[in-house]
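What follows is the residue order along each chain.
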Amino acid sequence: MSDNGLDIGLTVNGERVRERVDPRKTLVDFLREDLFLTGSHVGCEHGVCGACTVRLDGEIVRGCLMLAAQCDGATVETIEGMSDSGEIGDLQKAFERRNALQCGFCTPGMLATAQDLLKRGGIPSREQIREHLSGNYCRCTGYHAIVDAVEAVAQQRNGK
Amino acid sequence: MKPAPFAYKKARSLDEAVALLGEKDARLLAGGQSLIATLNMRLSSPSLLIDINGLHGLNSISERSGTVEIGALTRHAQAERSDIIAKQAPLIARAMPHIGHPAIRNRGTLGGSIAFADPAAELPACLLALEGQLEASGPKGKRTIEAQDFFKGLFETALAPQEVLTAIRVPAAGKSSRIGFAELVRRHGDYAIVGLAATAHADGKGLSDVRLAYFGVGNTPVRAKRAEVALAGGDVDAAVDALDLDPHDDVQATAKVKKHLAGVLLRRVAKQLLEAAA
Numbered sequence: 000m001s002d003n004g005l006d007i008g009l010t011v012n013g014e015r016v017r018e019r020v021d022p023r024k025t026l027v028d029f030l031r032e033d034l035f036l037t038g039s040h041v042g043c044e045h046g047v048c049g050a051c052t053v054r055l056d057g058e059i060v061r062g063c064l065m066l067a068a069q070c071d072g073a074t075v076e077t078i079e080g081m082s083d084s085g086e087i088g089d090l091q092k093a094f095e096r097r098n099a100l101q102c103g104f105c106t107p108g109m110l111a112t113a114q115d116l117l118k119r120g121g122i123p124s125r126e127q128i129r130e131h132l133s134g135n136y137c138r139c140t141g142y143h144a145i146v147d148a149v150e151a152v153a154q155q156r157n158g159k
Numbered sequence: 000m001k002p003a004p005f006a007y008k009k010a011r012s013l014d015e016a017v018a019l020l021g022e023k024d025a026r027l028l029a030g031g032q033s034l035i036a037t038l039n040m041r042l043s044s045p046s047l048l049i050d051i052n053g054l055h056g057l058n059s060i061s062e063r064s065g066t067v068e069i070g071a072l073t074r075h076a077q078a079e080r081s082d083i084i085a086k087q088a089p090l091i092a093r094a095m096p097h098i099g100h101p102a103i104r105n106r107g108t109l110g111g112s113i114a115f116a117d118p119a120a121e122l123p124a125c126l127l128a129l130e131g132q133l134e135a136s137g138p139k140g141k142r143t144i145e146a147q148d149f150f151k152g153l154f155e156t157a158l159a160p161q162e163v164l165t166a167i168r169v170p171a172a173g174k175s176s177r178i179g180f181a182e183l184v185r186r187h188g189d190y191a192i193v194g195l196a197a198t199a200h201a202d203g204k205g206l207s208d209v210r211l212a213y214f215g216v217g218n219t220p221v222r223a224k225r226a227e228v229a230l231a232g233g234d235v236d237a238a239v240d241a242l243d244l245d246p247h248d249d250v251q252a253t254a255k256v257k258k259h260l261a262g263v264l265l266r267r268v269a270k271q272l273l274e275a276a277a
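Here the protein sequences line up with chains A and B, keeping their order.
Numbering-wise (numbering that gives the first Met the number 0), the first sequence opens with residue 0 and increments by one.
Numbering-wise (numbering that gives the first Met the number 0), the second sequence opens with residue 0 and increments by one.
No lab work stands behind these hints, which were simulated from the structure alone.
Be aware that one or more of the hints could be misleading.
[Claimed, not checked] To give an idea of the chain B side of the interface with chain A (calculated C-beta under 7 Å), a few residues: (1) 4; (2) 32; (3) 39; (4) 101; (5) 106; (6) 252; (7) 254.
[Unchecked claim] Short derived list, chain A residues pointing at chain B, Cβ under 10 Å: (8) 44; (9) 58; (10) 59; (11) 60; (12) 71.
Computed from a prediction, not measured in an experiment: that's the story for all the values here.
Even for Gly, the Cβ is constructed at its ideal location relative to N, Cα and C.
Given these sequences and hints, build the entire structure.
The structure is reproduced here in C-alpha cells:
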C-alpha cells in the first residue's frame, strides 16, 4: 500500500472492524481481500453486473462503486451475514428448489437484491420482480427460475 | 481492473470542497456511480478525490413560491420516494425509475448525474424540457445557470473547474402542466438508445408551450424545436416529419435507427401529452 493509507472503522455483519486501507480500494475488494468475506463476487467492476451487491446502512449498493474509505462509520452486511442470521433462509431454499442458480456466481448479489424487494412487504408482480432484479446479470438460468423463486417466497411470507 | 492510486479527502464544508478543487487533477466524489466505474476502468485517473458525501444541507427537497429546489446531493432513491417531487416535479418522478438500478439509485445523486452530463442520461433532458436552473458555488460565490446554457458538449458543462453544483431548480407543475416521458433501452435501467422528455401546457383540447428534449441523439440533450411547433399545432405526423435531429452512430444503434426510434418515441409521448390534456 502507498503511504497515504486511511484508518477506517465500520461494522461488518455485526462485528466491529478497524483496518487501514488504500484510498483506491473498493468496498468489495476490501471485503474479499482484507476480511476474507469472498461471498460478494467481483464481476464487471463497473456497476453493470450486480454480483458485488451488499447492504450499506440497510440499503443495497454496488460494492465495486464504493470505496472502502467511504465506509468509515458505516454498517455493512454481506451475503455471509444475511445467510448466517437466517434472514434469507427461505429465499435460499427456494433458489435451490427451483434451480434458480447454476454456476452460482450471480447468486449472492441476486439474493441480496431480491431480499431488498421482499422486505418492502406485499407480493410484487413478476414485472416488478424483473424490474428490481434488472441490475443483476445471470448468464446461466435465463431468469425465469429466479423470478419463480422470488415470487414463491413473496407468497409464502404473506401466508399464501 | 483497479483504479490508479489517488489521494482521498472528506470535505467538511462547501468552502473546503471549492478550495480543494484548486489542487491539480482534483475531482469531486458524490454518488460515485459513474466516477468510480471510470476509475476502475482507468478511463480517468485524478490525483485527489474530494468526497462531498458528508456535506450537510445539500440534500433537501423543497417547494417555495412555484419553484421546486432539489439539493445536488439528493440521492435518486430519495427523489423517487419524495412526495414533493411526485406532485410538483412529475417529469423527474417519471424519469427516476429509468435511471440505473435500485442499488445504483441508492447511491447516485441528482447533482452527479447532471454534472456528469452523459448525453444519454435522463435528467439533463428533463431539466432542458422543464427549463430548469442549476445553482453552483465557486471561489467567487454563487451563480445560477439556465439549463439550456449548462450542457456544453460531450460530458462538458458550464461549470468552471473550481465550481460545485449545489442545487437544481425547476418550476412546480401547475394544473395545466402536462408531461411525457419515454425511452428505448435494451435492458431496463441502462442508458437509453434514444429517449424523450417533454413538457407542455394543456390549452383547450390542444397543447401550447411544447418542449421536446431528446437524449441519446447527440453530444448533449437537444430540443426538437420544429417538432415542438408542429405538435403544438396538433399534428403528430407533421411533428414526426419535422424532427430535425442529427444523431451519430454509436455502440447501441446507427444514426438511421436512432432517427426512426425518435419518431416512435414522439408518437408515444405525444399520446401521453394529449391524453392528459383531453
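Tested hints:
1. With a cut of 7 Å, the hint placing residue 4 of chain B at the interface with chain A holds, because the nearest CB-to-CB distance is about 5 Å.
2. Interface restraint check: residue 32 of chain B against chain A, minimum CB-CB distance 5 Å, threshold 7 Å, status holds.
3. Because the smallest distance between the Cβ of residue 39 of chain B and any Cβ of chain A comes to about 5 Å, under 7 Å, the interface hint for this residue holds.
4. Below 7 Å, beta-carbon pairs count as interface contacts, and residue 101 of chain B has one with chain A at about 6 Å; its hint therefore holds.
5. For the restraint placing residue 106 of chain B at the interface with chain A, the shortest Cβ-Cβ distance is roughly 5 Å, inside the 7 Å limit, so the hint holds.
6. The closest approach between the C-beta of residue 252 of chain B and any C-beta of chain A is roughly 19 Å, which is over the 7 Å cut-off, so the hint fails.
7. Below 7 Å, beta-carbon pairs count as interface contacts, and residue 254 of chain B has none with chain A, the closest being about 25 Å; its hint is therefore violated.
8. Because the smallest distance between the Cβ of residue 44 of chain A and any Cβ of chain B comes to about 5 Å, under 10 Å, the interface hint for this residue holds.
9. A distance limit of 10 Å between C-beta atoms decides the matter here; for residue 58 of chain A the minimum to chain B is near 4 Å, and the interface restraint holds.
10. Below 10 Å, beta-carbon pairs count as interface contacts, and residue 59 of chain A has one with chain B at about 4 Å; its hint therefore holds.
11. Annotation: interface hint on residue 60 of chain A holds; nearest CB of chain B at approximately 5 Å, less than 10 Å.
12. For the restraint placing residue 71 of chain A at the interface with chain B, the shortest Cβ-Cβ distance is roughly 8 Å, inside the 10 Å limit, so the hint holds.
In summary, the numbered hints that this structure violates are 6 and 7.
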